Amino acid sequence: MTEGTPDNLWYFLLHSKLFWLSCTLLAWQFSLWVSRRFAGNPLCNPILLSVVLVGGFLLLTGVDYATYFSGAKFIAFLLGPATVALGIPLYQEFPLVRQNLVPMTCALVAGSVAAIASVLLLGYIFGFTPGIIIALAPKSVTTAVAMAIADSLHGDAALTAIFVILTGICGAIAVTPLMKLLRIRDPQAQGFAAGLAAHGIGTAHIFTVSPIAGLFAGVAMGFNAILTALIIHLFV
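Per the numbering used here, the sequence shown runs over residues 1044 to 1279.
Be aware that one or more of the hints could be misleading.
Result set (SDA-like, lysine to any residue): computed pairs, CA atoms no more than 20 Å apart in a straight line [stated by the list, open to error]:
no.: 1; residue 1: K1060; residue 2: A1109
no.: 2; residue 1: K1060; residue 2: V1140
no.: 3; residue 1: K1116; residue 2: W1071
no.: 4; residue 1: K1116; residue 2: K1223
no.: 5; residue 1: K1116; residue 2: L1068
no.: 6; residue 1: K1116; residue 2: C1087
no.: 7; residue 1: K1116; residue 2: A1187
no.: 8; residue 1: K1116; residue 2: L1064
no.: 9; residue 1: K1116; residue 2: Q1072
no.: 10; residue 1: K1060; residue 2: V1127
no.: 11; residue 1: K1060; residue 2: W1071
no.: 12; residue 1: K1060; residue 2: D1107
no.: 13; residue 1: K1223; residue 2: I1208
no.: 14; residue 1: K1116; residue 2: L1057
no.: 15; residue 1: K1116; residue 2: L1096
no.: 16; residue 1: K1116; residue 2: P1254
no.: 17; residue 1: K1116; residue 2: A1082
no.: 18; residue 1: K1060; residue 2: Y1108
no.: 19; residue 1: K1223; residue 2: A1082
no.: 20; residue 1: K1223; residue 2: F1250
no.: 21; residue 1: K1223; residue 2: P1254
no.: 22; residue 1: K1060; residue 2: L1101
no.: 23; residue 1: K1116; residue 2: V1127
no.: 24; residue 1: K1223; residue 2: A1191
no.: 25; residue 1: K1223; residue 2: C1087
no.: 26; residue 1: K1060; residue 2: G1114
no.: 27; residue 1: K1116; residue 2: V1095
no.: 28; residue 1: K1116; residue 2: N1143
no.: 29; residue 1: K1060; residue 2: C1087
no.: 30; residue 1: K1060; residue 2: V1097
no.: 31; residue 1: K1116; residue 2: T1067
no.: 32; residue 1: K1060; residue 2: L1096
no.: 33; residue 1: K1060; residue 2: I1118
no.: 34; residue 1: K1116; residue 2: V1097
no.: 35; residue 1: K1060; residue 2: G1099
no.: 36; residue 1: K1116; residue 2: F1100
Honestly, the hints are just simulated from the structure, not real lab data.
Fair warning: this is a prediction, and the values are worked out from it, not measured in the lab.
I would like the entire structure built from these sequences, with the hints used as guidance.
Okay, here's the thing in structure tokens:
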């Protein structure tokens, strides 16, 4: 499908910020409906479906990412306030978090180190270039922090963003069946693991399972970003 000429209505729509903002919202609402229709099946994760729908439409129309993001950036702006809003349940349930501070700290250190060390191990086994290793190393922290870390290591921040999103989607898809397989039923443990391994995407998914799980996922996501930023220079 072609974009048309500048005096064509289709051309105007494809270069309209409002059009791409609307497409993003419609893709999300449709994906959310599909996810609910199939009772939260991991393969019907709304984030995964939204990425496929929007990405497929961009390929079909031949529109570049910069044009798309000129409209979608208004949603991306809300990522900051949404992340800050995770502090509300933390404030409401702070006594519960304080009771679990020691096991959470141990899990945080173990998970953060394992996430980085696994990249180094895979890099050694498969012969990854230093650039790929740097881009992969912060894959388990939220996108904004991961890109900043990659920049500080002179890596490709855009490539890091792709790895972060893929990690989050895979984590959101795998977390529920994996917890069932391992018979981990404690929502605190489920949430902390999801936030630690799959950052914001995993946190958003686990919130639909349990508010308490979502709370601990938010805590894990926040502290993992801080710890990873502090220790990653020791490994990479």
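Of the hints given before, which are not true for this structure? The structure conflicts with hints 2, 4, 6, 10, 13, 16, 17, 24, 28 and 29, although it agrees with all the remaining ones.
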